[in-house]
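Using the sequences and the accompanying hints, generate a full structural model.
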Amino acid sequence: MAVKVIIPTPLRAYAGKQDSVELQAATVAEALSGLTNKFGDLKKHLFNEDGKLRSFVNVYVNDEDIRYLQKDQTQLREGDTISIVPSIAGGAR
Amino acid sequence: MATKTGTHAGQQAAKPAAALSNDEILRYSRHLIMPEVGMDGQLKLKQAKVLCIGTGGLGAPLGLYLAAAGVGRIGLVDFDAVDFTNLQRQVLFGTSDVGRPKISAAADRLRNLNPEIQIDTFETHLSSENALDILADYDIVVDGTDNFPTRYLVNDACALLGKPNVYGSIFRFEGQVTIFGAPGGPCYRCLYPEPPPPGLVPSCAEGGVLGVLPGIIGTIQACETLKLIIGKGEPMIGRLMLFDALAMKFRELKLRKNPECPVCGEHRTITKLIDYAEFCGIRGEEAPTTVTNIPEITPRELKTRMDRGDDLFILDVREPHEFQICNLDGHLIPLGELPRRVNELDSSREIVAHCRSGKRSADAVDFLRKAGFRKIWNLKGGILAWSDEVDPTVPKY
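Residue numbers (the working numbering), protein chains in the order written: chain A, 1 to 93; chain B, 94 to 490.
Don't take every hint at face value.
[What the hints assert, rightly or not] For each label pair, taking beta carbons as the anchor points, the in silico distance ranges come out as:
{"no.": "1", "chain 1": "A", "residue 1": "Gln24", "chain 2": "B", "residue 2": "Arg434", "range": "29 to 39 Å"}
{"no.": "2", "chain 1": "A", "residue 1": "Ala26", "chain 2": "B", "residue 2": "Arg361", "range": "49 to 59 Å"}
{"no.": "3", "chain 1": "A", "residue 1": "Lys52", "chain 2": "B", "residue 2": "Asn386", "range": "47 to 57 Å"}
{"no.": "4", "chain 1": "A", "residue 1": "Ala26", "chain 2": "B", "residue 2": "Asp176", "range": "47 to 57 Å"}
{"no.": "5", "chain 1": "A", "residue 1": "Lys44", "chain 2": "B", "residue 2": "Gly304", "range": "27 to 37 Å"}
{"no.": "6", "chain 1": "A", "residue 1": "Lys43", "chain 2": "B", "residue 2": "Asp439", "range": "56 to 66 Å"}
{"no.": "7", "chain 1": "A", "residue 1": "Asp63", "chain 2": "B", "residue 2": "Ser440", "range": "26 to 36 Å"}
{"no.": "8", "chain 1": "A", "residue 1": "Arg77", "chain 2": "B", "residue 2": "Asp230", "range": "27 to 37 Å"}
Calculated from the structure, these hints are not laboratory results. In this text, all values refer to a predicted model and were calculated from it rather than measured experimentally. For every residue, glycine included, the Cβ atom is placed at its ideal position computed from N, Cα and C.
Below you can see the structure in the form of structure tokens.
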């Protein structure tokens, strides 16, 4: 499945400064491992030492949070958009 | 702590508190002639009480539009003073305000904009001790703060008090907006159960922000606040708006209430405010990356050693665009590239690492020490301290 992963601003520095990456994957887990294989520096920003997605990073397939789908086993369809949405806190200063 | 001052419209003693004076009718005319607001909506605005946490980038457009729209009572919470670096985006303030408490400058500006409304000022850090008292008087809270501990504090206080929290957050050229804490809707912890460990996500001060971005995001927060007050339209409850200013794209994601949420779920475990610094520093999922026991050298010591002709290798771990602003003629390897460029360094030489303020370079020194480097120091206070203590011709940014 050809899918698009949208890289958020804080992580673009670790993804060759790209705002999105197109890759082939059948599940969210495959898409994320494809991404971290391509950009090794991203790995520690997305996953903890146990290889679990960090709790301040959410992943969406189209507009749905994978926590409410089949998590990283969520199946992908041709043309799906995966969004990585980390928490950001800026605002006042 | 709080000073509550404000001017109500004159000549209204004989009228019910909720009525508009002729001056107000003229002022709000463009609202009143629109059926979606009308007299009913304008009276709701007049009776509304909104608390703005933070009067910086997001708080500036927010405060301006809420005041202009006639929100009857606006509370402002901030402890900071205006500085020159604020003026690029914090449009509440002018150059002559630099050095003044933000809260005073903001209150003056908003009272000048609309003397019909009441401005309450709280010149304080919002804390677990004072948050419930400060929030208690208001109907809606708008979060325009800049750090994770305060974000979780505001969220939990709103959840405990049952108040909606109009949330906005920004980074560089990207923003997020939603409404947390509405009845039946999700809260911040439903979205992010835990904060990132300190140091992993840069703040605006470290990461920079496009000046107009908080204007856009803060204005959306103002819009959502006004809609909540007048009860019109579709509020952004259960919807997370992502905005990318470079692509000029808005995207909307579904935001669900987490049944297991510790603060708003059915079996909540958080029933009072906690220590948020601890929550964000120690309870993160890994040890803080802000390291201690890093060997340091002060700018003066470094200057003395350089003048003496010591063979020191200056390692600059900032980004190339920062190097362009000013530099100490060091060898540039951005912190993020250090692991794969470590072979450019000679561990037999004495190395002094620096960044802007000393934080990133502390991480660099920690990393290099673990990689076996022994003769390495962190420049205490970074290039900012160098400018203060050694060479004032080096610009600060």
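Consistency of the hints with the structure:
Evaluation of the 29 to 39 Å hint for Gln24/A and Arg434/B yields a pass: the beta carbon distance comes to about 31 Å. Under the hint 49 to 59 Å, the C-beta atoms of Ala26/A and Arg361/B, about 38 Å apart, miss the expected range. As the Cβ distance of Lys52/A to Asn386/B is approximately 30 Å, the hint placing it in 47 to 57 Å is violated. The hint said 47 to 57 Å for the Cβ distance between Ala26/A and Asp176/B, and at roughly 52 Å that hint holds.
Against the hinted window of 27 to 37 Å, the Cβ-Cβ separation of Lys44/A and Gly304/B comes to about 31 Å, which satisfies the hint. At roughly 28 Å, the beta-carbon separation of Lys43/A and Asp439/B lies outside the given 56 to 66 Å, and the hint is violated. A beta carbon spacing of about 50 Å between Asp63/A and Ser440/B contradicts the range 26 to 36 Å that was offered as a hint. Under the hint 27 to 37 Å, the C-beta atoms of Arg77/A and Asp230/B, about 50 Å apart, miss the expected range.
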